[in-house]
Structures are given as structure tokens and as C-alpha cells.
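Chains as they are written, first to last, in the numbering used here: chain Z, 1293 to 1638; chain S, 1293 to 1638; chain A, 1293 to 1638; chain G, 1293 to 1638.
Among the clues, some could well be false.
You can't tell identical chains apart in this list, so a pair holds if it fits in one copy or across any two.
[What the hints assert, rightly or not] Here are the simulated DSBU-like pairs of lysine-lysine, each with C-alpha atoms no more than 30 Å apart in a straight line: (1) LYS1626 <-> LYS1317; (2) LYS1411 <-> LYS1543; (3) LYS1295 <-> LYS1543; (4) LYS1481 <-> LYS1295; (5) LYS1544 <-> LYS1404.
It should be emphasised that the hints constitute simulated quantities derived from the structure, not laboratory data.
Number of protein chains: 4
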Amino acid sequence: MIKAGIIGSTGYAGAELVRILLAHKEVEIAWYGSRSYVDEPYSSIYRNFFQVVDAKCMDDNMEELSRQADVIFTATPQGLCASLVNEDILSRCKVIDLSADFRIKDVNVYEKWYGIEHKAPQFIGEAVYGLCERNREQIRSARLVANPGCYPTCSFLSVYPLAKEGIIDMSTLIIDAKSGTSGAGRGAKTANLFCEVNENIKAYGVAGHRHTPEIEEQLSYASGEDVTISFTPHLVPMNRGILVTAYASVKKDVTPEEMRQLYHDYYDKEYFVRVLEDGVCPETRWVEGSNYVDVNIKYDPRTRRVIMMGAMDNLVKGAAGQAVQNMNLMFGFKEQEGLELLPVFP
Amino acid sequence: MIKAGIIGSTGYAGAELVRILLAHKEVEIAWYGSRSYVDEPYSSIYRNFFQVVDAKCMDDNMEELSRQADVIFTATPQGLCASLVNEDILSRCKVIDLSADFRIKDVNVYEKWYGIEHKAPQFIGEAVYGLCERNREQIRSARLVANPGCYPTCSFLSVYPLAKEGIIDMSTLIIDAKSGTSGAGRGAKTANLFCEVNENIKAYGVAGHRHTPEIEEQLSYASGEDVTISFTPHLVPMNRGILVTAYASVKKDVTPEEMRQLYHDYYDKEYFVRVLEDGVCPETRWVEGSNYVDVNIKYDPRTRRVIMMGAMDNLVKGAAGQAVQNMNLMFGFKEQEGLELLPVFP
Amino acid sequence: MIKAGIIGSTGYAGAELVRILLAHKEVEIAWYGSRSYVDEPYSSIYRNFFQVVDAKCMDDNMEELSRQADVIFTATPQGLCASLVNEDILSRCKVIDLSADFRIKDVNVYEKWYGIEHKAPQFIGEAVYGLCERNREQIRSARLVANPGCYPTCSFLSVYPLAKEGIIDMSTLIIDAKSGTSGAGRGAKTANLFCEVNENIKAYGVAGHRHTPEIEEQLSYASGEDVTISFTPHLVPMNRGILVTAYASVKKDVTPEEMRQLYHDYYDKEYFVRVLEDGVCPETRWVEGSNYVDVNIKYDPRTRRVIMMGAMDNLVKGAAGQAVQNMNLMFGFKEQEGLELLPVFP
Amino acid sequence: MIKAGIIGSTGYAGAELVRILLAHKEVEIAWYGSRSYVDEPYSSIYRNFFQVVDAKCMDDNMEELSRQADVIFTATPQGLCASLVNEDILSRCKVIDLSADFRIKDVNVYEKWYGIEHKAPQFIGEAVYGLCERNREQIRSARLVANPGCYPTCSFLSVYPLAKEGIIDMSTLIIDAKSGTSGAGRGAKTANLFCEVNENIKAYGVAGHRHTPEIEEQLSYASGEDVTISFTPHLVPMNRGILVTAYASVKKDVTPEEMRQLYHDYYDKEYFVRVLEDGVCPETRWVEGSNYVDVNIKYDPRTRRVIMMGAMDNLVKGAAGQAVQNMNLMFGFKEQEGLELLPVFP
């Protein structure tokens, strides 16, 4: 039984961490951090946990927390984890950062896209990008894991086999993504009010969303070339879920069956990635509440493009679930421990 | 490890049974019944179970099923269970009927409100009304359990302590209930299309909904008098959840604190009933996906009425979860086995 | 052609006033007031009016506005209109207040329920309660109209004929109301975020909502007795619409047909009140975007109660549409001028 | 005052035609056709029109209808209009077909994509593709207008200026579209039930949607080359609205400002096409209920691609509104007559 602390436990990703960790056999939550609600009972913020969680919210004293916990999750806006983490903390305690602070290896790229100074660039090198299906071995021994962004996770896993095998022309890759509104966080902003989001769909961050360089970096590693993509996220009137529809030209002479076989080769051994049957498109409803990513492709002979699709729950595989998957690897637990969540439908 | 069969496993309640039973340590699902989809893979109907359930759908041969299973759940329209069940089956196998067939003790009342002839009135007497918080002991030894309706469960639990203790004038009781759309089932009806339900609220079955006599019967037992109520259900544009707002005049000289204390007295020992803090109203979002019922009351000194409120997930505590709770009691498992589901929010 | 000014034009009710007035033949909008957005183009806040409205937002200088406009609408939180209005302004310009400031005749009741001091009690007496179907004649000559609240409008019109005719026992009246989320306004509050409202239903303001005394006052006038009611509003995950379900015991010996006939007697001549066919329940989707109120009743012989139901669009008949209806009366225009809006479905 | 008949008036597009035509000064609806509801009052199907429409539903006798009406709208599934129309009818009466029957000039393409035999190929040649912004003059004198599909309308208008001016490489064009659920029609299908659509997003018809050849044909005319595109529609949990996000490589040396200027050049004179301000993305909520199409582009210097975006109401500009716009042109009415509908928000 290890002890976990959560900094930022009252955001949506933080609350999902609580939901998952409470049912995890090997973990006890020792610290419900939330700067905005210090001393308020956690279950008065998230009443789903009434009579389940007794604890009160704590501040974000990572120093102190690192003495009480074996692992710290930071589910906070970018910049906070980098400003708090230090060698002392890392020597005592593992850190899984759900923010973007340690995802991008080139600090200049980070600072340019996020518009803030990185306060702990010395740890970028050792931080492991926590996409378990990709970096499983390094994660096992990491002290600091950069938990991937929601869009990057779904985008990468949807495209990975064809990128890695050099099947698609990476310069033609376009990712059109759609997300539920929990991805926008729990901040009290007019733009996220029910009446503003409901009965609407919009693109945002067009040609400038911060997840772009993260996706590009990971796909560059995978494909072995410098990748620049078009990435457009959209806001969908639903609570959870991300759907990725990606397009690329096929540059090798392969059949659709061979392409689909690659997905099976890459993912059939993966517990959380489901390659759907031929002709079945991923839908967010089939993964809601679970750590699954459903993927599939469709080849279009008219355009010689392949459409790569993926669906997952942005709060689970896109945030808290993946963080726990990382924790499981880091502590030698069974990888799917606490994550055998069945999708909830309807 | 017992074996369970589900007749009607492709309705929403049936699918929720699957979700719950798959994660239940003591049960294996041996029969996914679905007359409409015989021989089709279950996971092609509910793709959330892709790579989780391999079985194909079976017909509704209860006779045969009773030889293979220890317990049969019938999640079918009223009339089917009564037309299939017989002494042979009951001698081999326990039956939990999620339909209304065995909920009402007076067969005339059943036939009048449901408009069909009851095909197995001989079993009405022995059937136990499966509201665990109320009939726990009889359920343990029952062969046939009538799983309560969704509205009756939430209505009864919201009102029970004050009805039982004679605090409220039962002749003044009015129950105004609101339900998510999964309660309307998965039948392809125009009225349940997305565009018909979305952005709308309506009452239905006003002064004539079939759950009325069921609520009245149970409240009559509780209060010791013949209860006739006003009951109005409403359809809400959301997937899951039932909210009950009940009104009654207070006839005894009690304080609000004393009334709230009664709820604590009745429910503090109940795992699945949560009496909220003073002033906090139940909301369906806080119980979604779980077997909890959240209840609370508010006394209005201006009218000398008490407003009794309850919220639960209609597919869990209102159907599949309660059915599993009954199964747990009938087989001597821990009552909350497989039901320690944390509510999923958002 | 008269000139209208709107104080609070960037709230939802204000924006609906804009939508209606822009299509009104006899009115020109001269002032888009919005303290929060002074000098910003109105159409940058409400982009539906892009290339339709050129004006910029103005402050809430009612003094100056009263020199430029023939009528002022105040679509602002309670207290503001009372703090700004004065004899000078009223001598120059008609005022239609969409807030609660002048709805309640007893200033003590206002101050108790709203928790603020009334800054202009001297005008309460002359203010006319702007429920056109009820006070048509007085409205025609009013300088100051108190536009009714959304819940009171729907509640009153649903209950009025039976209250007025002494058919129901007013001491048994219970109003259970449900509203779309635009009723909660456009303020950036966590409780109104998409993910908090979506997939949820809750009661709020139980036994204490501020619209209670307003409904009671109007029903007292109608019935000729002192009315105290139970009133419970609920928040529904939809943008627009209010549904009222009201319950009362029938105290006179009348048939259901006679009761329904009273609704026809009272409302058949009313353009905006539609008495539905026998057995048809009001639904908010059938009135969305229009100034209609749909009403109907159902008598329950088992309980001797009548269930009175009403549905309307909270932003139209519940706010902006009724305000324009008042304006039409005050300026001698055709009552339905600019309000012949057909409901938009789906 | 002309007389209009609607075949298929009880589908969503048909009902929207009713809403628009009822408020149109120059038109009277003479025939509410609906094979499924013959002899039922139209307002019992669409209760928003209670006390507004008295007529009963009629069969789809186009022959008879053509004797009573000046214009016939067919808002029916593909195949019906082609099977009913003939020279006699066209000699008496103008026909605006909202189905796909006369949109595609090559009958083989039609038959291949729609999988049915075309019953009236002799009229394909004379039928005018009713995209008013493109074919205004031919529409004025047409007897038979093929009203464009919803996706094609929004796709074409979003891309047109850059396609026509040869700015983009048409072989790189990818259109990712998202639609509200009213686009799926009112048929009672399980896939369109509330609980199936709500809280979900999915792609459908990937690399095979029937609107593909229609978009390609129109863009081929515009660009002067043979265009083959990737087109992927998605289903969004909202009632109305289509959003198009289109991607193409820029092949000419133009600045973003020059590209945006082209949109102004093409559309500033168009009443229904709004070119948004620089940096503002189209959103469906800003056009809901109106005949507007909002468009904008964003150039991405990193990829040298331009993202072209458009939003409109699928039932208005994507169906009924455009049909009325066509009618206005065909009968010499003001083009925006009856279509000056302000978008309804929220």
C-alpha cells in the first residue's frame, strides 16, 4: 500500500484521479490538495464522494507532501509543477505531472507555445513522457513522469503504427480532433457556461493549439523525421470524450488489410487499446469512464488517403487513468490495476 | 462462483446488469439473452464491451437457461417473466424479475394498470418485493424477487421514514418525479429520438402512470394505512438519473431536526442510502453510475409541509444495481459486493 | 417609430430583447447598455448579431438614456432599476423593469425576500404588474411596468382560472417548476458550467425561492384570499423553457370538462395562451423561441386533485417577449406586434 | 400571394419549411403532404403549430398538387421526387426538390452513390443547382431547382473563393464536417435515440458519404479542374447546426490578408454569407434558426495550409431556408423575403 498525494484535486482531472485511486487496491490517498478550497471537506466540492472521502482540502506544499507520500500527482495548470519540484522532492517521492511542464524536451518550444518561463528546465531531460504503450520500460524506472496531454494521447495512438512503419507521408498529416467540455476545466469562465456550450460546436486554437508541438515531437520520434502537422481541436457539447479523425496520404504500396494488420500487430497485446473490427468507427460513448482507446482506420482508394480514427475518455486515458497506469508501472503494480473500468453506457 | 443468465440483456437495464456483473467477483454471466439479436455477438450491440464479452446473444428459453444458471434476471417488458416462469424453473434456479410482473400483490390492480392478463398469479404470493433496505430478511430466502421499479425505489426511500413514523399526512402526499431518458428504454420510437427529447421537458402519464399503485402499495405497508397519491413523472434531457421531489403536510408536532434525525436513524446503517447534510439538495449527477440513493428533506414552516427529495441512478439502484443487491442477499454474498461503484462525475 | 434603450443588454434576457426589438416594426434600439462591456461592439459579445447590430455598448446612465429614448428596459439584477429611476426619468420616458424591484407591493416583503433595501419605494404604488393577460388596461396607461418573473408568469397563467373561480383549495396548492439554464443568467459561476449542469437535475431554493411571494401575491389577488404556496424550482439541462406542474385539491363540485371549459373561457381570446387539447401535456419544445404559454389540466378522480400544467419560453414570455408585449400596450401598438414568433423546433 | 405545397412536410426539413413559409408575406401553404400521417391534423404532429396551422396532412399526389399550387417543395427521401415529377407537372408548377435527385448531373454517379435507379433522368439537364450565391441568374428562370445538400452548401461556401481563384491545391482538400442530429431525420431508428446520440461524437459514412460527389462536382465547376476530396461527416449531440473545417495547401504566393480579402470580395454583397472578423471562428450557435452562413479562414504558415471554416443551420440554409431563397428568386420576390430570421441564442 503506497500513499498518494494530489495537487489540484478539485479540478476535473484531479477528481477523476480520486475516483480511480479510491478503488485502487495498492494506493491510499494521503493528500487532497486544492489551493482554492483549503480546509473545506473534499466531499463538499465533489458530492459524489459524500460519505466516501472524509478528508479536507490541503494547500499545495509539495515539500511537505513529499514527506508524506510515495507519489505525487500534479493536476494543475502548466507552470506550477515546474515551480515546485526540486531534487529533494524527487529524491523522496515519485512525481507524475499531468500538466505540460515536462512533456516537451526543447525548453524553447515549451516557452514559446506556453508563453511562460520554465522554472525547472534541469529536470526536463530525465522526465519520461508517460505514454505507457510507447515508453513502458523507461517509465518503470522514472522518478518524474510527464503525463501526456489528452489530445496528444489520442492523436498519437491513432496514427502511431502507420507513422512508425513509414506508411504515410507525414507532411500530409492533418488531425481534426473533437473534445467534450470537461477538457476545458472547471474554471468559472463565461465561455464554458452551459448555455454557451450546449447546442454548439466550434473549432478553437486553430493553427495554434498548445498540444501541437507535443504531438509533433512524439510523431517525430516515431517516424524518424521532423513532423509538422495541422491540428484543429473542436469543443463538443458533451461532458467527456475525445475523438480524433486524422488524414494522411499513403506513400507505400500497401493494402488496407496490411495497414489494419499493423494496428493489430502494435496493439493486440495492449490492454487499453482496442482495434475495432473492419468498418466500425470509434465513438466516444463506447469508452466513456474507461481507460480504453478505440482505434480504427479506413482507406479511401479515391484519394489514396487513409483516415485514422481514435476515441477515448479525455479524463481517463487522457489524464487520470493514464497517470495511474504510469504509477502502476513506476511501482511495479499490474499495469491495469485499478483501471479495469468498464465503459459506462448510456 | 455462480452462473447468471439475463433475459433481455440488450435493453439499457440489461446492459447495465452486464456492466455490473462482469466486475462482480462471485458471478459469471452464462447467458446473454436477447430475442431481437439472437446469434449476434453481444459486443456488436454494446460496443463498450468489445474485447470484454465474447458471447453471442441467446433466445429467451427460460427453461433451458434455468438448467445452466443459478440465477436468472429478466430485464424484459411486463408480461414476459410471468409467461415463462414455472415451478420447475423456480425449483432449480432463483429468479429476479426486473419487470413489474410480481411487484403488486393484488393481481386485479396489476391487470387494471398494466392492461394485460397475469399469466402466473400463483407466484405473486411468494414473490418478495426486492427493496433491500425494507425487505432484507425475506429477500435472503426468496426464490423469486420482484425487483422494484425505478420511480418506486426513489420515491419510497425518500418518503419512508416520515411515512413509517406517522409524521406526515399521507393523504396529502404528492410525488413529482423527473427521469433521464434511459428510463424510456431502447425501443426505436419517434418520441425518444434525440431531437424530440433534447431541449425539452414534459410530464407524461399524468394521473395514470403504472408505477403509481406500486408506490401506493409499499407506502401503505409502511404507514399502515391505505395510501393514494398524486404521482407525476417527467422526462428530462439527460441519459441517467431520477430525482424525486415529494410534498406532504406534517401532522405531528415535530421539529425539522427531529425529522432529519429519523432519516439518520433509518439510513445511517444503510450502505447505499446517503442522508445529505442539512440544506443540501440531492442532485442526480452525484450518484450517476453508482448504487447510491441520496436523500434529504426541507421543512417549510410557512406551509407546514415537508419537501422530501431523493436522487439515484435509474439504471443502477433503479434497476440493475438493485437487482444485483438482491442477488447478493439471496446467495449470501456481501450485500455491496460488485456494487461499490463510485459515482462518475462529470 | 419609437426609440428604446436597454440597460443590461448583454444578459440573456437583454439579448432576447434585442432579437425581438430588431424585428419590431415600431421600434428602434437606441442604447445597448452594458456596464461590463462599455465601448465594445455589441456584436462582439453576441455574434449572432454580427452585421446586424453596429452599436457599441453603453453604460447605464438612465438619466441620459431617458432623454434619448421613449422607453427603457432594465434587464438587470434586482436593485439597479430602483436605484436609478426617478420622477424626472419617468416624466420623460416609460420604464419596463424586468427585475423584481417593482413587482411586489409590500416593500417589507420585497426587502425580506431579496435581502436588500428598496431605493425607490415611492414608485411601487404606481408600478403596474405587467402580466398583460391580467392587467391589460392598467398597463396601457402605466409609466412604470414591473415585468413579471419567469416562474410567476408560467405559474400564474397555469393556475389562474381555477384560482379565480374558486374551484381549488388554495391552501393545497403546490407548484413544482422546472427551468432551462438560461434562467440562471450569464454570470461566470462554477455552478452553471456546462459540465455541472449537463446530465443533471436538481431542485434549488427549496421553500425559499424569491419568486414565491410574487406568485402568492398575484394568486391572492386572483382568488381573493391570502395564498401561501409550496414552490420548488428545478434546474434542467436545456437552454430555454419553463414547465410548471401544479397540484391542488378541488373543493367545488365540478366536472373535468367544466374545469377545462374555464381555461377556454379565460384564454381563447388570448393570443399568447394556448389551451391544449384534452389529454395533451404542455412541453417546452413546442413553445421555444415564441411568446406562447401552453396550458392544460388533468383531473385525477382518485385523489380529487387537479394537475395544472404550463410551458413557455423563459426568455420570451418569461422575460423579453412579455416586456415587448407590455411596451406594445403602453404605446398603443398591436399587442402581438413583433411577437408573432413561431416556435422553433427542433 | 402564391400557393405552395410541401411533399414530406412532417420531416424536420418539411417542418422548417412550414415555419418559414408561414411567416412569408407572399406565400400561402396549400398542401401539407405527409404519406405517414394522411388526414391527421398537421398540428398534432408538430404541436408548435397548434392554433397556427389548421390543415390536415395530405398524401403525396404531386399531379393533383400541381393543379393547386404554384410551387411544390419535395422534402422527401431520394427517389421520390424523380418518381413523381413529369412534364405536365413542370409545365404547371415550379418544383424545388430538397432531395438529391437532381443535384448531380451525371446520372451514373447518382445511381452509383445512391444505389437506386433514377426515374426521371430527362430532367437532370434542365434542373438548376439551387445554390443561390452561385447560380442566382439561372435559378430565376428555372422550372426545377435541385436544392443543395446541407453538407455541400456549407462546404462549398467555405471553400469557394479560394477554389475559384486557384489559390489552393484542390488535390489536397480535406473537409471534416460536423452536424447536429436533425440532419439524420425523424425516422424512428435506434441509432438516433436520445441515449445513443447524447454524450457521444462519431464519424460516419467515412470515405463514402453520399454528399461527397455533390461537393466534388460543384468544386470542380468552381475550380475548373476535376476535384476529388476527402469528406468526413460527424454526428454531434445537438439539434441543429453544421460546422465545416476544411484544409488545403496554398499553392499560390498570397498573403493571409489577400486570402481573407477574397472572401470579402465574394461575399460582402451576399446577404446570407457573413465573413467573420479576423481570428474569429464560426460557431453554429451564432447562426441557429437563421439563413446565415458564417465563414472564415486561418492561414497556418507552419504547414502552408489554410483552414477554411463555415457554420450554418442545417435545417435553414442547409435545407428549408435555402429552398425558400430559391423560391424567392424563381418568383421574383426579394431574395431575403421571409428569411430575415435573426439567429436564436442561447
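Intra/inter-copy verdict for LYS1481 and LYS1295 if alpha-carbon distance must be at most 30 Å: Classified as neither; 34 Å inside a copy, 34 Å across copies.
Treating 30 Å as the Cα threshold, decide for LYS1295 and LYS1543: within, between, both or neither. neither (49 Å within a copy, 52 Å between copies)
As a check of your reading, is LYS1411 near LYS1543 (CA-CA no more than 30 Å) within one copy, between copies, both or neither? neither (42 Å within a copy, 42 Å between copies)
Within, between, both or neither, where LYS1544 and LYS1404 count as close if Cα-Cα is 30 Å or less: This pair counts as between: shortest inter-copy Cα distance 29 Å, intra-copy 35 Å.
Between copies, within a copy, both or neither: which fits LYS1626 and LYS1317 at Cα up to 30 Å? Classified as both: same-chain Cα gap 11 Å, cross-chain 18 Å, threshold 30 Å.
In this structure, the earlier hints numbered 2, 3 and 4 are contradicted, and the remaining ones agree with it.
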